[in-house]
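The chain contents come next:
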Amino acid sequence: MKLRELAARLGCELCGDGEGEIVGVAPIEQAGPGDVTFLANPRYATHLATTRAGAVILAPGQEAPVPCLVSDNPYLAFARAVTLLRPPPRPAPGVHPSAQVDPSAVLGVDVHVGALAVIGAGVRVGARSALHPHVVLYEGVVVGEDCVIHSGVQVREGCRLGSRVVVQNGAVIGGDGFGFARDREGRYHKFPQVGIVVVEDDVEIGALTAVDRAALGVTRIGRGTKLDNLVQVGHSVTIGEDTVIAGQVGIAGSTRIGNRVTLAGQVGVAGHLTIEDGVIATAQTGIPGLVEKGSVVSGSPAIENRAWLKSTAVFARLPELQKRLRELERRVESLLGRPPSA
Amino acid sequence: MKLRELAARLGCELCGDGEGEIVGVAPIEQAGPGDVTFLANPRYATHLATTRAGAVILAPGQEAPVPCLVSDNPYLAFARAVTLLRPPPRPAPGVHPSAQVDPSAVLGVDVHVGALAVIGAGVRVGARSALHPHVVLYEGVVVGEDCVIHSGVQVREGCRLGSRVVVQNGAVIGGDGFGFARDREGRYHKFPQVGIVVVEDDVEIGALTAVDRAALGVTRIGRGTKLDNLVQVGHSVTIGEDTVIAGQVGIAGSTRIGNRVTLAGQVGVAGHLTIEDGVIATAQTGIPGLVEKGSVVSGSPAIENRAWLKSTAVFARLPELQKRLRELERRVESLLGRPPSA
Amino acid sequence: MKLRELAARLGCELCGDGEGEIVGVAPIEQAGPGDVTFLANPRYATHLATTRAGAVILAPGQEAPVPCLVSDNPYLAFARAVTLLRPPPRPAPGVHPSAQVDPSAVLGVDVHVGALAVIGAGVRVGARSALHPHVVLYEGVVVGEDCVIHSGVQVREGCRLGSRVVVQNGAVIGGDGFGFARDREGRYHKFPQVGIVVVEDDVEIGALTAVDRAALGVTRIGRGTKLDNLVQVGHSVTIGEDTVIAGQVGIAGSTRIGNRVTLAGQVGVAGHLTIEDGVIATAQTGIPGLVEKGSVVSGSPAIENRAWLKSTAVFARLPELQKRLRELERRVESLLGRPPSA
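Protein chains in written order, with the numbering used here: chain A, -11 to 330; chain B, -11 to 330; chain C, -11 to 330.
You may find that some hints are simply not true.
To be verified - Here are the simulated DSS-like cross-link-like pairs (lysine-lysine), alpha carbons at most 25 Å apart as the crow flies: (1) B:Lys311 - A:Lys298; (2) A:Lys311 - C:Lys311; (3) B:Lys298 - C:Lys178; (4) C:Lys298 - C:Lys311; (5) B:Lys298 - B:Lys311; (6) C:Lys298 - B:Lys311; (7) A:Lys311 - C:Lys298; (8) B:Lys281 - B:Lys298; (9) B:Lys311 - A:Lys311; (10) A:Lys311 - A:Lys298; (11) C:Lys178 - A:Lys(-10); (12) B:Lys311 - C:Lys311; (13) A:Lys298 - B:Lys298; (14) C:Lys298 - B:Lys298; (15) A:Lys298 - C:Lys298.
Hint data in this document are derived by calculation from the structure and do not stem from the laboratory.
All chains, please: the whole structure from these sequences, using the hints.
Below, the structure written as structure tokens:
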């Protein structure tokens, strides 16, 4: 595709020669003359002067020695360029003869069911959805349109996925929540987990992530929310829309997470609490209680991020502070001629 | 079922009209006239006045505007009600024609083997156990009676599960432990992991949890213990009875965990140490050494919980403390007319 | 095997009678007369006096009441003894009739493909590699020679594994990285992940570990590196050679980890940064920035390990320090006859 055409399709302003042929995409330090690249993270700005790319997508006000596509959101524009130039492989419609599809299952038009997949009784799969090999859908599962479910994913009985949902390999949707009632002798008895999971439209769920079914009712992942790998979502949790949950985050049961929340890697959230809209928790934060709208929190237990940054700076100097305190005590004692009162 | 009959079967005292027909179960704020619900967590007590439930299971001394079932352990009584009213689906006995069962495997009466499951040589499965689709049992695995093994579970060679064991989807039992010997050049050589895993009766293992086989000997999960999702149990670990391990906990190799221990979410336990009976570790605790019987510990590295709570409260005020220390130094200096000795 | 022969094959000096028959391996406290055992961890030295083993592998200068094999590296020598005496089961060459192998796939000599495995178009598998049941290789995957890929492993399109690579059950190699571009309305759009994963020779990858494919280019795991279970490796990460990553570690995207690095359990590493050669991070460390060659770091955020140890010791005494500070303020105030300036 000519650079001029790419600019038009991305809605970017073109600076420089638009006649170059763009055939690929690459990171800025590896891009060659046929590649378009981008600059969004200032860490990589030093590569701008020396890039050999055919074109760079960048923000207004930046300059490069090669043709540029100017965008208010270079990362988004580049994501669209990648989608145009390297469209993801799409498995052909049809059911592999080795797949086990229950006769009562209803598959929409142009659905792909890969080798050795298992589709249970009463399952419904919407048009154009792709179920890769070794996907297992228990009975009564509903999958919307244009979904991509990768190999090794397990979806348990009665769970419902919206449209354009992407599930990476090995994720488990609808496993039993962790509910046990303790008796007088200290033994645990299973609380049957009879709820389901509802995954709304445009959600992505990472590899080896577990979203537990509700004890009663629904565990819900809201529209447009993205979960990374190895995330744990406990039973009866509700997550809002356009929220981002990074790798290895754990969310205990019955907690409510709002819209446009960001939980960075390895964050832990206790059960039965609320994280309001727009909250950001930095990596490894441990959240024991309510976090109010728009807060940025850090630490375990979580406190406001700027306070945490200051406290951690002092933490590293605690031995010195302790020494200074001892010295002061000694000096005051010498002034007063006696030890401090116990 | 009439409420009166439900009360009798649960062994609860009935307060109010026992003639209502109970057909379902629901959380207190969603329950309707045909539902029984419960109140165990005081957080939800405010819903008691307005519930529309057909009946509420609650502790002695509590009151509700609807018929009540009184129990010393409302959560346990409700768990039993759910089991009565919403019995979990039980797959029909029989072996799916697409399953690959080695001729030398021995299956007990009324065992269910789902589609595309793989049962290796010499495997024994006890009566009434259900192996869902895509379960893989390597050679020599032993599974007791009345077990439920969900789809995507892998059990490696020679591992043994007791009776009434439940394994959620995607868990791996008996993967190689992480054992490598380093040579003079700094290269690692695999230490073959030739032990097994023994899972005792009434254990539940969560989705995507990994329990490693012992290097030599046995990794053991004791009777009645419950492991949540995404837990890591290292090689040669021993876990006692009636212990609860929450999501994303990691236990390094050769550690011994006692009976009735509770490890909350994301706790990490170092290797070659002992956690004695009855210990509680709060979420994200990092345990570097012995924890004595009955202790409650928190923090990383773990200290006694109450001390940790106090220290974390001071931690949040460290910048202020540092400022006060500086001010004191200034004032003492002005009193003494000279700076403190270095 | 006679002990004398075992000594010769391990290159160990023999002390005592070499005529005993050694048929097994066992931990020091469980070993019997036919077993060889070892002593490497001083924690277990107390068992030396009472061991009933047929022989003990130990370091020079140690003594035991039974025949000994002396080695500079007892753990490595014992690992070799285990390999000799308990060789791991090797599945027989051949393709199970239930496996789904694309006609365009190329399998080397003596490859084993287990039941219900799925081998995609254009896949190449090197000589003697074993693919256990339920392995899924997407199209274009390359696997080297003498690899062992356990059941339930998923390898995504185009990813490449070297020779002698071991992958434990349920691991996912090449799932999409977590890349989304946010638009003006706060919605996230998928950045297609068009790179691959390259796993070099002699790597081991633990159960249920996820290694994401690069957004562009390559996510690389270097030669001889070992990853434990439930590890998350983000897109475009590069890990060097002979590095050890313990269970539940998370490494965010585009980070570079050097050679001979050790990350202990549950460590978290932020994105776009460098961990230089030889770094050690203790368990639960959170790394927000560059870590220089050979450093030992701890804490979240990470600081130098010895400083962290000292600070954590003071942390546990913070309430006492706060009290002493208050007392000093009171005393200084009484000296000065007025409160400190605000």
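Right, here's what the structure says about each hint:
1. At roughly 12 Å between alpha-carbon atoms, lysine 311 of chain B and lysine 298 of chain A fall within 25 Å of each other, so this suggested pair holds.
2. With a C-alpha separation of about 15 Å, the suggested pairing of lysine 311 of chain A with lysine 311 of chain C holds against the 25 Å cut-off.
3. A threshold of 25 Å between alpha carbons decides the hint, and for lysine 298 of chain B with lysine 178 of chain C the separation of about 44 Å lies outside it, so the pair is violated.
4. Between lysine 298 of chain C and lysine 311 of chain C the alpha-carbon distance is near 20 Å, which keeps this suggested pair within the 25 Å criterion.
5. Proximity of lysine 298 of chain B to lysine 311 of chain B is assessed by CA-CA distance (about 20 Å); at most 25 Å being required, the pair is judged to hold.
6. For the given pair, lysine 298 of chain C sits about 21 Å from lysine 311 of chain B by alpha-carbon distance, which is consistent with the 25 Å threshold.
7. Of the pairs offered as hints, the one joining lysine 311 of chain A and lysine 298 of chain C holds, with about 12 Å between alpha carbons and a cut-off of 25 Å not exceeded.
8. For the proposed pair lysine 281 of chain B and lysine 298 of chain B, the alpha carbon gap of about 22 Å is at most 25 Å, so the pair holds.
9. A hinted pair counts as satisfied when its Cα atoms are at most 25 Å apart, and lysine 311 of chain B with lysine 311 of chain A qualifies at roughly 15 Å.
10. Proposed proximity of lysine 311 of chain A and lysine 298 of chain A is supported: the alpha carbons are some 20 Å apart, at most 25 Å.
11. A hinted pair counts as satisfied when its Cα atoms are at most 25 Å apart, and lysine 178 of chain C with lysine -10 of chain A qualifies at roughly 24 Å.
12. The suggested pairing of lysine 311 of chain B with lysine 311 of chain C holds, with an alpha-carbon distance near 15 Å, which does not exceed 25 Å.
13. With a C-alpha separation of about 19 Å, the suggested pairing of lysine 298 of chain A with lysine 298 of chain B holds against the 25 Å cut-off.
14. Between lysine 298 of chain C and lysine 298 of chain B the alpha-carbon distance is near 19 Å, which keeps this suggested pair within the 25 Å criterion.
15. The straight-line distance between the Cα atoms of lysine 298 of chain A and lysine 298 of chain C is roughly 19 Å, inside the 25 Å bound, and the hint therefore holds.
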